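> Those protein sequence lines, which keep their order, are chains A and B.
Heads up: take any position in the first sequence, counting from 1, add 468, and you land on the numbering used here.
Heads up: take any position in the second sequence, counting from 1, add 24, and you land on the numbering used here.
Source of the hints: derived by calculation from the structure; they are not laboratory data.
The structure presented is a predicted model; accordingly, all values stated were derived computationally and were not measured.
Hints may be right or wrong, so weigh each one.
As the list claims (entries may be wrong) - One-sided excerpt, in silico: chain A residues whose CB lies under 10 Å from chain B:
1) T496
2) L500
3) I501
4) S503
5) V611
6) L614
7) A622
8) M624
9) L633
10) T638
11) V645
12) F674
13) G675
14) E687
Ideal Cβ positions, reconstructed from N, Cα and C, are used throughout, including at glycine.
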Amino acid sequence: MLSVLIKKELFVELRNKEVVFSMLAFGTSVLLIFSFSFNGNPKTMHEIAPGLFWTLVLLSSSLGLHRMFGLEKDLDAFSSIIASPIDRSIIFLSKWISGFIFLSLTELLIVIPFFLFLGLSKPMSILPGLGIVMIGNLGIIAVGVLISGLGMRARMSAVLLPVLLFPLLTPLLISCVKSTAGWFHDNPFEFYQIWVMIMITYVVIFGLAGFTLFDQITEE
Amino acid sequence: MSRLLPDKISKILFIVTAILMSVNLYVIFAVTPMVPEQHWAQKIFYVHVPIAWTGFLSYFIVMLAGIIFLVKKDSKWDRVGLAAAELGTMFVVLVLITGPIWATPIWGKPWIWEPRLTTTLILFLTYVGYFMLRKFGGHAERVARLAAVLGILAFINVPLIFYSVKLWTPQFQLHPQVEMNQQPDGILFPFLFSMFIFTLLYILMMRIRIQILNFKHKLLTEENV
Chain A
469 MLSVLIKKEL FVELRNKEVV FSMLAFGTSV LLIFSFSFNG NPKTMHEIAP
519 GLFWTLVLLS SSLGLHRMFG LEKDLDAFSS IIASPIDRSI IFLSKWISGF
569 IFLSLTELLI VIPFFLFLGL SKPMSILPGL GIVMIGNLGI IAVGVLISGL
619 GMRARMSAVL LPVLLFPLLT PLLISCVKST AGWFHDNPFE FYQIWVMIMI
669 TYVVIFGLAG FTLFDQITEE
Chain B
25 MSRLLPDKIS KILFIVTAIL MSVNLYVIFA VTPMVPEQHW AQKIFYVHVP
75 IAWTGFLSYF IVMLAGIIFL VKKDSKWDRV GLAAAELGTM FVVLVLITGP
125 IWATPIWGKP WIWEPRLTTT LILFLTYVGY FMLRKFGGHA ERVARLAAVL
175 GILAFINVPL IFYSVKLWTP QFQLHPQVEM NQQPDGILFP FLFSMFIFTL
225 LYILMMRIRI QILNFKHKLL TEENV
């Protein structure tokens, strides 16, 4: 059932291209603003780049997360999904995995202009950075799906999402920035492994919380 | 007043708290010794720490009430959660005001990214969202469920926020450490006394607030019938 729901999410996105395109367009615009606003020397840019990257990801993902339930809300299709004999925790997992795919895809497309526009040099090894970004994405989407589900039927849901999401993501954001900075400045893994551990703890806690509590959020 | 304090326990609690709080204020200002490096600024800690304790206790109760509400589906626990969230936020705002009042003469600036203060600020912002959700969430029954979930999420995030901020700013570990057993009796006992009185005050305020929310619920239910 999980694979069917993920396929459904991917199929809907393939047809509408709403989530990835809105995140990509918004992310590129923010990147442009960053490039003009922080037109500093290369050393300064190198220092602040991890923070800028995760700010970009956070802002873009809040837009994408809003759209993840948007279509189902507009057509009231969500009522049909939850009326079907599917465990709601599986719905959470499908949203989590598909959201993770959408965010990773957006980052993949935006990372090259990010390095180009801000004049950044490539770190020596790509693999640790990839791992950090993947764990960060899992954390953002786990909480994001929960909060997006919370605010789905609320008035002012577009405002409610970032207001609720950003404070809850604070520990993850700090850890993401710190571990990305460690990798970006070519430090050994031991130097920033504590931050990666916090990120993993966060993903596990909020992944389990989502899996357990999503049923309560979606109850009609 | 008799409607807000309907039972004997609340009335006794009100009288005891009023008397003991007056004694507490007198002890803080007139009896406790001056700490040489901090002078009057130190006195705020007899208030700042107890209100921080009651604020976090209140948010813990929001989480507990949320769990019980989701299990039992009894709206009484939603009202307990709401009362605790309101009082917790009020106490946390006071923490965010009294903290910088102490910090300005001691650290030379009102705000630094100290883990306890930062955790308090982030919790406060989460609860701003909590009240927005309560206001704009839609149907009352659904809002109660959503608020319960959010109360749980907000509290399980506390250790993660505290630990990550502590590691993020190791240079800002300037907050007075809780080694109260090393304090002289002249400071320790008034401090513990103040903690006790503020907890009593919190219990009294919770009883009154829950009472008001119960009245409101009863009125709305009668109106709908």
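> Now look at each hint and say whether the structure bears it out.
Now for the hints, and whether the structure bears them out:
1. A least Cβ separation of about 28 Å between A/T496 and chain B goes past the 10 Å threshold, and the interface hint is therefore violated.
2. Checking A/L500 against chain B by beta carbon gives a least distance of about 28 Å; that is not within 10 Å, so the hint is violated.
3. Against a cut-off of 10 Å between C-beta atoms, the interface hint on A/I501 is violated, since the closest Cβ of chain B lies about 24 Å away.
4. Interface hint at A/S503: violated, since its Cβ lies 27 Å from the closest Cβ of chain B, which is beyond the 10 Å cut-off.
5. For A/V611, the interface hint holds, the least distance from its beta-carbon to any beta-carbon of chain B being 8 Å, beneath 10 Å.
6. A distance limit of 10 Å between C-beta atoms decides the matter here; for A/L614 the minimum to chain B is near 7 Å, and the interface restraint holds.
7. Because the beta carbon of A/A622 sits about 5 Å from the nearest beta carbon in chain B, less than 10 Å, this interface hint is met.
8. Because the smallest distance between the Cβ of A/M624 and any Cβ of chain B comes to about 5 Å, under 10 Å, the interface hint for this residue holds.
9. Taken as an interface hint, A/L633 checks out: its beta carbon lies about 8 Å from the nearest beta carbon of chain B, inside 10 Å.
10. Evaluation of the A/T638 hint against chain B yields a held restraint, the C-beta minimum of about 5 Å falling below 10 Å.
11. At its closest, the beta carbon of A/V645 sits 9 Å from a beta carbon of chain B; the interface hint therefore holds under the 10 Å criterion.
12. For A/F674, the interface hint holds, since its Cβ comes within 10 Å of a Cβ in chain B; the closest pair sits about 8 Å apart.
13. Taking 10 Å as the C-beta contact cut-off toward chain B, the hint placing A/G675 at the interface is violated, the least distance being around 12 Å.
14. Hint status for A/E687 relative to chain B: holds, with the closest Cβ pair at about 6 Å, below 10 Å.
Violation of the numbered hints given earlier is confined to hints 1, 2, 3, 4, 13; the remaining hints are satisfied by the structure.
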